[in-house]
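Number of protein chains: 2
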Amino acid sequence: MSKLIKLTTVPISYYNAGFLVVLTAPSGAGKTTIRDGILKLHPEIMYSISTTTRKPRRNEANGRDYFFVSGNEFKDMIKNDKLIEWAKVHNHYYGTPKDFVKKHIRQGKIIVMDIDVQGGINIKKRFPDAVFIFILPPSFEELEKRLLERGTDNLKTIKLRIENAKKEIAMMYNYNYIIVNDEVEKAIDETEAIIIAEQRKISRNVDFYKGYIK
Amino acid sequence: MSKLIKLTTVPISYYNAGFLVVLTAPSGAGKTTIRDGILKLHPEIMYSISTTTRKPRRNEANGRDYFFVSGNEFKDMIKNDKLIEWAKVHNHYYGTPKDFVKKHIRQGKIIVMDIDVQGGINIKKRFPDAVFIFILPPSFEELEKRLLERGTDNLKTIKLRIENAKKEIAMMYNYNYIIVNDEVEKAIDETEAIIIAEQRKISRNVDFYKGYIK
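Chains A and B supply the protein sequences, listed in that same order. Residue 366 is where the first sequence starts when you use the working numbering, and the numbers rise one by one after that. Residue 366 is where the second sequence starts when you use the working numbering, and the numbers rise one by one after that.
The hints are simulated quantities; they were obtained by calculation from the structure and are not laboratory data. Since we're looking at a predicted model, the values are computed, not measured. Check before you lean on any hint, since a few could be wrong.
No copy labels: a pair is met if it fits in one copy or bridges any two.
[What the hints assert, rightly or not] List time: in silico DSSO-like cross-link candidates among lysine-lysine, alpha-carbon distance up to 27 Å:
id	residue 1	residue 2
1	405	551
2	510	468
3	467	510
4	551	531
5	490	474
6	405	566
7	490	566
8	575	524
9	489	532
10	453	566
11	524	468
12	575	531
13	490	551
14	566	489
15	551	474
16	531	579
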């Protein structure tokens, strides 16, 4: 449990602008744990479900983990501009459905998405008002240590991951915020603090402001 | 005690940019309680001490509550551009010393200041990177109720305060954030969240970024 206040304690009549929160981190920096931590603390925050052409794994459900579609359906989505961004990874296509995100932002929802830095930059072109958070390991040494301890990759893959991390981190100036994940509970709190702050930006509360001075 | 994480838990090696936090609120909106709450939670955050020509009250100490100066000293400060802003209130002069703020920002300190909306706008001209937070009562009805309960003003003064509040609130679009103070502990947490978020802005961490990618 985080020690931060709950967004749910805030009356619906103010701070009701929806927006997108984009989390990016090099492999091993703890992005998934932070994302899951935020979603657990705040059931009112939505997770942006990706669309993919790969087959569901065991325990994966359509509409919860991914929207599973055929290759032709995916091509149609590209053609009809139904994806905010998409990429091909290991012969499968992955994309972010535009309607899902737009609908929920309009309804005043906060939507969290995790994506690589290139995907994040593409999102920014379509959603300049989104909140871009880059999560960093405390150091490259620590990142290497974590990847070794995880034990899922061989040494060659770990070296490749660290090289990729360096390339990703070099692009983080495209983002709004950095969080150094030296302790995961703290990093979750810091992510939550950024969401709370963004919700209170005057630029996201123009209607409330107009109602107040009326 | 707030439930938020402490800024002090964050290692000094990152997020070490100093900045100014400007709190503004109409009379009765709870600005002083929020400011004191933040300073109590975070002894590492400094309070920007004003300079004044008025005489110290009982229990007021020079260099803690105010810097007490003579009229001539104050005029010299204006002449030598030693004040970020100043104003005359009830025949006394009040101002914000520039050296105090600049020195501590350079040292990486966060400085909290409370000031009226016009003063805040003047601060913005000198410190565009400061964080401007406007604290609102939940409604004008609630503000009136609080001022009545406080019992320090007569009805005519309360009406004047509410008229002033309306004028101040109409100018809040000059600020970065709004906080609706419907519950003071929550408002303190929200102020803290904004400070934590601002500390993690990429624009305040350029040196850290350069060190990381080096």
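Each hint tested on the structure:
no., hint, result
1, 405 / 551, "both (15 Å within a copy, 20 Å between copies)"
2, 510 / 468, "neither (41 Å within a copy, 39 Å between copies)"
3, 467 / 510, "neither (39 Å within a copy, 40 Å between copies)"
4, 551 / 531, "within (23 Å within a copy, 39 Å between copies)"
5, 490 / 474, "within (20 Å within a copy, 35 Å between copies)"
6, 405 / 566, "both (24 Å within a copy, 25 Å between copies)"
7, 490 / 566, "both (21 Å within a copy, 20 Å between copies)"
8, 575 / 524, "between (54 Å within a copy, 22 Å between copies)"
9, 489 / 532, "within (19 Å within a copy, 36 Å between copies)"
10, 453 / 566, "neither (36 Å within a copy, 31 Å between copies)"
11, 524 / 468, "neither (41 Å within a copy, 44 Å between copies)"
12, 575 / 531, "between (45 Å within a copy, 12 Å between copies)"
13, 490 / 551, "neither (30 Å within a copy, 35 Å between copies)"
14, 566 / 489, "both (18 Å within a copy, 16 Å between copies)"
15, 551 / 474, "both (24 Å within a copy, 21 Å between copies)"
16, 531 / 579, "between (51 Å within a copy, 10 Å between copies)"
Of the numbered hints stated above, those contradicted by the structure are hints 2, 3, 10, 11 and 13, listed in ascending order.
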